[in-house]
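**Q** Line order of the protein sequences matches chains U and F. Read in order, the letters of the first sequence are residues 1 to 86 in the working numbering. Read in order, the letters of the second sequence are residues 1 to 86 in the working numbering.
These are calculated hints, taken from the structure and not from any lab test. Each hint should be verified, as a subset may be incorrect.
It does not matter which identical chain is used: a pair holds within one copy or between any two.
As the list claims (entries may be wrong) - Pairs of lysine-lysine, DSBU-like flavour, derived with a Cα cap of 35 Å:
{"#": "1", "residue 1": "K80", "residue 2": "K28"}
{"#": "2", "residue 1": "K82", "residue 2": "K55"}
{"#": "3", "residue 1": "K82", "residue 2": "K28"}
Protein chains: 2
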Amino acid sequence: METIIGTIAGILTSISMLPQLIKVVREKEVENLSWGMIVVLLSGVSLWVVYGVMKNELPIIVSNAFSVLVNLTLLIYYFKYKDKNA
Amino acid sequence: METIIGTIAGILTSISMLPQLIKVVREKEVENLSWGMIVVLLSGVSLWVVYGVMKNELPIIVSNAFSVLVNLTLLIYYFKYKDKNA
Numbered sequence: 001m002e003t004i005i006g007t008i009a010g011i012l013t014s015i016s017m018l019p020q021l022i023k024v025v026r027e028k029e030v031e032n033l034s035w036g037m038i039v040v041l042l043s044g045v046s047l048w049v050v051y052g053v054m055k056n057e058l059p060i061i062v063s064n065a066f067s068v069l070v071n072l073t074l075l076i077y078y079f080k081y082k083d084k085n086a
Numbered sequence: 001m002e003t004i005i006g007t008i009a010g011i012l013t014s015i016s017m018l019p020q021l022i023k024v025v026r027e028k029e030v031e032n033l034s035w036g037m038i039v040v041l042l043s044g045v046s047l048w049v050v051y052g053v054m055k056n057e058l059p060i061i062v063s064n065a066f067s068v069l070v071n072l073t074l075l076i077y078y079f080k081y082k083d084k085n086a
C-alpha cells in the first residue's frame, strides 16, 4: 500500500511542471512566472538524481531525471520569451 | 554523504515554490501561471505526506507538509487574482 501511494505521489510531483511547460509553449508568455522557482526546483531535482545514483535507486533517478528535463526546457523557454517581452 | 545530498535536495524542492508565491503576492498577477501545475503538485505532495505518515518518516512528512502549505496558499491566491483579471 505504501508503495502504491509513493508511486502515485512520485508520478504526480514529477509530471506537475508539465501543464506549466505546455502553457508557456502555447502562450509564449512568462511574465508572471518566477525564474527563482524554476532554478531552485531544477537544482533540487538534479541533486535528487545524484542522490538516486549514489543510493542506486532507479525510481528516484528516473522520476527526477524526467523533472530535470521538464524544468530545463521550461527554463530555456523562460529566457527565450522573457527577452521577447523586455 | 548521501544523507547530506538528500537533505539539501529535499530542502531545495520543498522551498522551490516560495519564490513563485512571493512573486504572486507582490505582483497580484497569475495570468501566465498554470493552475494544473499547482493542483497536480498539491495532490502529489499531499500524497507524499500520507506516504510519510504510513512509513513513519518524519523528514518526508515535514518537508512535504511545508510544500502543501505553500502550494495551498498559492492556489488560494491564484483563484483570488484570477477572478480579478477576468
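**Q** Decide, hint by hint, whether the structure agrees.
**A** Consistency of the hints with the structure:
no.: 1; hint: K80 x K28; verdict: both (9 Å within a copy, 23 Å between copies)
no.: 2; hint: K82 x K55; verdict: neither (38 Å within a copy, 43 Å between copies)
no.: 3; hint: K82 x K28; verdict: both (9 Å within a copy, 19 Å between copies)
Figure legend: structure checked against the earlier numbered hints; the only hint not met is number 2.
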